[in-house]
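Enquirer: Chain residues, written in single-letter form:
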Amino acid sequence: MDPNEPPDAHPCDADHAQAKARLTVALVGNPNTGKTTIFNNLTGARQHVGNYPGVTVELKEGVRVHGGRRLKIVDLPGTYSLTAYSEDELVARDFVIDAHPDVIVHVVDASNLERNLYLAVQLLELGVPLVVALNMSDVAAERGYAIDLGKLSALLGDVPLVRTVGHRNEGTEDLLDAVVAVGTGVHPVRRVPVSHGREVDEEVAKLAGLLEADAPLLAPRETPWIALKLLEGDGRVRQRVQERCAQGAAVLAAAEASVRHLEGLFGDGPEVVIADRRYGFISGACQEAVRRTIESRHEMSDRVDAILTHPVLGLPIFLGLMYAVFWATFRLGEWPMRGIEMGFKHLGALVAGLWAPGASSAIKSLLVDGVIGGVGGVVVFLPSILILFLAIAVLEDSGYMARAAFIMDRWMHKIGLHGKSFIPMLIGFGCTVPAIMATRVLESRRDRLVTMLILPLMSCGARLTIYAMLIPAFFPAAWRGPVLWCIYLVGIVAAVALAKVLRLTLFRGEATPFVMELPPYRMPTLRSLLIHAWDRGWLYLRKAGTLILAVSVCMWALTSYPKPPADAAAGVSEGARRAAELEYSVAGRLGQALEPVMRPLGFDWRINTALVGAFAAKEVFVAQMGIVFSLGGEETADGGESLDPLRRRLSETYTPLQGLSIMLFCLLGFPCMATVAVMRSESGTWRWALLQWAGLAVLAYGVSLAVYQAGLGLGLGGG
Amino acid sequence: MTKPHEQLAQAAVPLSALPDGARARLVRVEAGHGLRARLTAMGLAPGAEVQVVANRGGGPFVVAVHGTRIVLGRGMAHKVYVVSEEPRGGAAPGEAAG
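Protein chains in written order, with the numbering used here: chain A, 1 to 719; chain B, 720 to 817.
Simulated from the structure, these hints should not be mistaken for laboratory data.
We treat Cβ as the ideally placed atom computed from N, Cα and C, and that holds for glycine.
Be a bit skeptical, because a hint or two may be false.
[As the list claims (entries may be wrong)] As a list, the in silico DSS-like pairs of lysine-lysine whose alpha-carbon atoms are at most 30 Å apart:
| hint | chain 1 | residue 1 | chain 2 | residue 2 |
| --- | --- | --- | --- | --- |
| 1 | A | 345 | A | 414 |
| 2 | A | 364 | A | 563 |
| 3 | A | 345 | A | 364 |
| 4 | A | 500 | B | 798 |
| 5 | A | 414 | B | 798 |
| 6 | A | 72 | A | 60 |
[Stated by the list, open to error] Counterexamples of contact, computed for chain B against chain A with all Cβ distances above 12 Å:
| hint | residue |
| --- | --- |
| 7 | 737 |
| 8 | 738 |
| 9 | 741 |
| 10 | 756 |
| 11 | 772 |
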């Protein structure tokens, strides 16, 4: 026995003691029911991302103290059913089943009760402690629905029903009361047997009997549910039974016999019959408990859609909106960025001031150049990124994002993907990392992988800094806009071509069917927008604080060591000394070693050295170029003008053709480390992350080589 | 035992054949297991009343069911079979299987 064993090593005792004080509450619901707004209302700003064993993706959770209980509230991805179809849904369903939350809050769109209650019925079948929040009850009332809560609750087995209006924060206290009542057992959970018809019920009972007799690993309350899922042909549950039950094979054989029996009886698969009965049950309950006072109503959303998804006008409107988003991202972000830049510069000077002037210290250099310089160089983009995420949040929360997917579907089909893949691609213009995470909405793994693989070609915000430095150095003012536009276009064209190639080679097969809900348009609330944008911004900041900090320190070491012999630095300026140091360092030597390979692209050792840094994070390229040209550090502490001397040096040293070659290489070439890491975690293997990295490196090399050599051939090299 | 879906299946047409604004009752979905379960959970189950919101040559297809708008790829809309229906009082979905 380990004497250091933690006190909660006896799960039974610990569980019992904690049962009263702490409750785990899971929020489930269909997409577009305002679930996240309810989550925000329940938890306020006290949210963070939690990790759960067995759950590979991150779930948001928050804490709320209510009625003397500490509620840990977990927001699960939106799901239509407990028979999971997409990866997102799988996460929600596994949590409900495996994590045994103390209370499940099902957020329901009260204006669309029948469809939403389909999930509620499945939760009742599972027999979990349930509270139903009838959200958007204002919309329901507007549409003329009068819901008799008492009656509906009775029909659903005394499940507590609470009216809420998420965007006005109404009903939150009532919801918390109900959660605590159910969680502490004040409101007993009554298991309602949902009948699926005599024939199905008989088969369920038969299979449940077999399961109970055999499987000690299954809780008895689960067996009827598992039996039902076997009849529905749920692949995951089948697999589970096979793995966990000693007589798994026999149970599955019996299930198959039952399925055939029911098919013979109904002429339809049991899953169709079961779904039919569920809708029948819901429809019966709604007829009893819901009165409709207004017959029909003009849908505002349909009228807006007539314009926004118009066959001719839809695309130009969409492109105009995108233009507005990018304009806002880069224009409005400029001012706070300048402020942050100054702040880090002052911080660097402050820290440097702790040492005697002129003294050279490894620790000072590490802190000032490595830590503050490296992290500062990334944090400076936070305003741009927050604005972009805010804009994306507006598009998502208002319901426009689904329309964008709808408009683009026709074009996406031509490259073998469908409209939904377009949403991550859009986010990719901001940052590849959240874009890769956004692919979770795609149902098919094949679509998801293709989309993830092409995402780094959507030119992210970090790469913009490279263009912003290089374009003014090489091109006259009138050309700058078009050149930038071309760079983005090359990325998009490359992504399209790559998707097409992938679909014809590694990911062959028919396009997956496209199904998506078009949520009604809604006015987004400021609170949810801010929370949304901050979440993603925080992810970015966390990356800056951890991964990028570590990489910055590594890069600092690579560019600082080994030191050249002391006598070499004698009598030269600070800048020249630093350039000499860099040339002598590991990174400098690496850059020189790569010269034979990179020369055909028009790159010299200085560019290669800066590119080594760009692998960590693309924006590091700019900082590294500054150092290579001995313009880094104190010499350029004159505010916003700091890039001009560097640009002058660049235009003296390189031709516009070389500049173009560099930009293309940075656009297409190897994704940054954060992308590789998130690719690894989201695809589940290193294989795809490394394949992507290598494939894009080859692509970048090929394109830059072709452009540079073709340009030389055309006599543009002298530019 | 009579199977209500079968009787209807005689006159069933793919959803994609209906013009904008047409109302219909869904009879069957010819799709793989997973997709059919998903469509069912979204309300596109046999017996459901649907209305075509937008049917444009070539592009995706929008259908209204239980008060929500669902986009279907054109390929999907070919696989959802419905019987055309005049607007009327409308029996509740699921009743047919009683």
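Enquirer: Next, verify each hint and record whether it holds.
Expert: Do the hints match the structure? See the list:
For the suggested pair residue 345 of chain A and residue 414 of chain A, the alpha carbons sit about 49 Å apart, so the restraint of at most 30 Å is broken. Restraint check for residue 364 of chain A and residue 563 of chain A: satisfied, since their Cα atoms lie roughly 15 Å apart, inside the 30 Å limit. The hinted pair formed by residue 345 of chain A and residue 364 of chain A meets the criterion: a straight-line CA distance of about 14 Å does not exceed 30 Å. With a C-alpha separation of about 25 Å, the suggested pair residue 500 of chain A and residue 798 of chain B falls inside the 30 Å cut-off, and the hint holds.
A distance of roughly 20 Å separates the Cα atoms of residue 414 of chain A and residue 798 of chain B; the hinted pair therefore holds under the 30 Å criterion. In summary, the hint linking residue 72 of chain A to residue 60 of chain A is supported, as the alpha carbons are separated by about 10 Å, within the 30 Å threshold. For residue 737 of chain B, the requirement that its beta carbon stay farther than 12 Å from each beta carbon of chain A is met, with the minimum near 17 Å. At roughly 15 Å, the least C-beta separation between residue 738 of chain B and chain A is larger than 12 Å, which holds for a residue marked as non-interface.
The claim that residue 741 of chain B is not at the interface with chain A holds, since no C-beta of that chain comes within 12 Å of its own (minimum 15 Å). Distance to chain A contradicts residue 756 of chain B as a non-interface residue, since its nearest Cβ pair spans about 4 Å, not more than 12 Å. Interface exclusion of residue 772 of chain B from chain A breaks down, the closest Cβ pair being 7 Å apart, not more than 12 Å.
Hint compliance for this structure: hints 1, 10 and 11 are not met, and every other hint is.
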